[in-house]
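K.L.:
Protein chains in written order, with the numbering used here: chain A, 258 to 406; chain B, 258 to 406; chain C, 258 to 406; chain D, 258 to 406; chain E, 258 to 406; chain F, 258 to 406.
Note that these hints are calculated values from the structure, not bench results.
Treat the hints with care, since some could be wrong.
If chains are identical, the list can't say which one is meant, so a pair holds when it fits in one copy or spans any two.
[Said to hold, decoys possible] Once the Cα atoms are required to be at most 25 Å apart in a straight line, the calculated PhoX-like pairs of lysine-lysine come out as:
#1 K307 - K294
#2 K392 - K318
#3 K392 - K294
#4 K317 - K392
#5 K307 - K392
#6 K318 - K307
#7 K317 - K307
#8 K317 - K294
Keep in mind it's a predicted model, so treat the numbers as computed, not measured.
Protein chains: 6
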Amino acid sequence: MSLNAGRRIGKYALQLVLLEGDEQSLLIDRIEQLGFKCCYGHVGAMDTQKIVAAIETTSKKHGLIQTGLYRESHALYHAIMEALYGVTRGQVQLGAVLRTVGLSFSVVRGRPYVTQAEGDWIAVALYGTIGAPVKGLEHETVGLGINHI
Amino acid sequence: MSLNAGRRIGKYALQLVLLEGDEQSLLIDRIEQLGFKCCYGHVGAMDTQKIVAAIETTSKKHGLIQTGLYRESHALYHAIMEALYGVTRGQVQLGAVLRTVGLSFSVVRGRPYVTQAEGDWIAVALYGTIGAPVKGLEHETVGLGINHI
Amino acid sequence: MSLNAGRRIGKYALQLVLLEGDEQSLLIDRIEQLGFKCCYGHVGAMDTQKIVAAIETTSKKHGLIQTGLYRESHALYHAIMEALYGVTRGQVQLGAVLRTVGLSFSVVRGRPYVTQAEGDWIAVALYGTIGAPVKGLEHETVGLGINHI
Amino acid sequence: MSLNAGRRIGKYALQLVLLEGDEQSLLIDRIEQLGFKCCYGHVGAMDTQKIVAAIETTSKKHGLIQTGLYRESHALYHAIMEALYGVTRGQVQLGAVLRTVGLSFSVVRGRPYVTQAEGDWIAVALYGTIGAPVKGLEHETVGLGINHI
Amino acid sequence: MSLNAGRRIGKYALQLVLLEGDEQSLLIDRIEQLGFKCCYGHVGAMDTQKIVAAIETTSKKHGLIQTGLYRESHALYHAIMEALYGVTRGQVQLGAVLRTVGLSFSVVRGRPYVTQAEGDWIAVALYGTIGAPVKGLEHETVGLGINHI
Amino acid sequence: MSLNAGRRIGKYALQLVLLEGDEQSLLIDRIEQLGFKCCYGHVGAMDTQKIVAAIETTSKKHGLIQTGLYRESHALYHAIMEALYGVTRGQVQLGAVLRTVGLSFSVVRGRPYVTQAEGDWIAVALYGTIGAPVKGLEHETVGLGINHI
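Just chain A, same shape as in the assembly (with noise of 0.2 Å):
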């Protein structure tokens, strides 16, 4: 039942969230390689429900879950809620504390353990800046959430 060290996918899901152009092309490639999907995407918001209909809408579209079941919608938005405590660290607000994010999100799904029985799980990074609403007033956040799918 062990984590496979090549088959990480929550290390995969952060790679994509911080690496860019040819770097990135080379790691969705590995990705797909091992027979795991994933999309990745960018999102501004001062609403968290932006950020998570954002990640919902794309993990959809590139048909990381599948419309229409719920257990792949309630995996996948546990994870992204637990990315957002990394990102929001104590309450999982933005605009109401008066502040903004400016993320790159990614979802990884696929088989990361050893056991095949232990099937697919759904990893969600993000990685970004949070800050006050003026540009420059940031730092860098991160967030990662894992669940089975």
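Given the coordinates of chain A, work out where chains B, C, D, E and F should sit on it, guided by the hints.
P.N.:
For chains B, C, D, E and F alone, kept in the frame of chain A given last:
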């Protein structure tokens, strides 16, 4: 006052805990060439306080913060706590809710903003696994805390 | 000062939101024969404040709390907030994290302890579904708050 | 994908901890006739970890989750944690804030949705008393956690 | 139902922990002339439960709450917990996150509202220092909890 | 590195919001004689962001923090957030959970430690009332946040 794209201390701290071997060594060289200080280590714990202590001790030993100067300890402490929010996602508790972590940690200190007056900031990154106190019943987790120092 | 087994206001409040039709009617009779007051209703919302308002309004209309007496409003308010912790499980937020609820609520007021001097207490129970703002993408949820009044 | 009114695992789990004697036995029969699995028990604790351990052990012993399969342990663990939010209402802490609980717990596993593809879900219900570590200085408390499995 | 400007129990409780020597003595006289009861003390702790216990014990010894009457213990307990939120600012934890406090505490009980029917309320104030378990690595902290009793 | 008894910025900030008229004026004189900077104001709000904005604006206008320097805005922001934990005691929410505040706020900046190298720290104090959005249905509340700057 904008973040300097090539001086993102959070990204460097995250890569320090995500990369291994030669890739990590090259990264350390690059970090030090920028005039940043960094250190890293590993800690396994069911007590959050053991994580806090390990990071503080390593940071002092490598001169990331000045021993005996409270404002620097205070800055580091809050960066650690914020990183723990990402790792624990809800309640900053491990053994109390029957879970344990095996974490790599890193600390990077330096000047990430274009404007000189913004001075030094500190980033604490955590990456590893969290799960039941049974080998293998675990998944990945990450956290990042950033503070002015 | 022990709880009287037959006068558990929390259990009555929970059964009021779990039972329907004749079973609920019989329960109401039994609650009133004990000298307790009770009321119940339904509320669908993406705003937590709408839930608070619905329960407060219904409670005042049915004389569960005395309008204009702050100590009674204060007791009820905290019982509602505690019930919302059970429903939301982490952050007391609904629409802000893109979820909605459909809830039955009940309030029971009376003397649950053997000792007369313990006086009246109030119980607020919530039961229903929580999920995405899409019909069917939801699961059950419950909450109970109890306070001295 | 809608919830099947007669297959609400959360309501069954709650009734399992609210009912006693013959009523509880009849309920167990009904739950099992639906093809659901269930188990229940009691735990008194000042440590939240003791509650988690008691529910996990009982669930494994009764075959509610498959021992050694992490995805099932993970699903159960998060359902337990969510139920504890309802019980503790704010901070998932007991002895640390000088309070103790005496809880009945139940776990129900089965298919609650009309659509076959939604598969099994798991519900954890907690009901009992919470209060000072002095007999009688306590009031009722409840919690419910639900997860896909 | 308005607060009576001269009978603000929260302000009195705060001043009791902020003032010292003669100023504190004069304040106690004034509090008692209003018909309020008050008590105060000091507690140093890495365990939140030790703080709760110290305040409860002192309150009972000075007759602020009636021993053995749960509704009074319950009111005091929640006022203490609310004050601890202010002191800990995020997670109600001390030693678990490697920090310690040295606190003065006070409890004031009386009728703060113009309307007689609002009855007695209780205020718990905490003021002191919080920081690393090293002398001097600490800053000030405060908390106030208020409840109807 | 110890706190200087006569230079406790938290206590000064708290007294600034607790005292009125001549007493407050005398205190301001004393604060300024110590070489500290201070400012204060009032804000009524159902939105936490309005409180954050009011304190930031007043602080900048009175030169407590340097406009455009992010490290100073960051220090102040976290001090405000910590003060809000004391005011809200659980969830940093006001209107969202149907409550409102009327607060006096103060900010004090200066060197509170014996050791010169500890430099400037900033204290944010809040005191006022919190309650239902109905005149009079409210009780007192306080919060204090302290940060290195």
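K.L.:
Against this structure, judge whether each hint is valid.
P.N.:
We went through each hint and held it up to the structure:
no.: 1; hint: K307 - K294; verdict: within (23 Å within a copy, 37 Å between copies)
no.: 2; hint: K392 - K318; verdict: between (31 Å within a copy, 20 Å between copies)
no.: 3; hint: K392 - K294; verdict: neither (34 Å within a copy, 27 Å between copies)
no.: 4; hint: K317 - K392; verdict: between (32 Å within a copy, 17 Å between copies)
no.: 5; hint: K307 - K392; verdict: both (20 Å within a copy, 19 Å between copies)
no.: 6; hint: K318 - K307; verdict: within (16 Å within a copy, 33 Å between copies)
no.: 7; hint: K317 - K307; verdict: within (15 Å within a copy, 31 Å between copies)
no.: 8; hint: K317 - K294; verdict: within (12 Å within a copy, 32 Å between copies)
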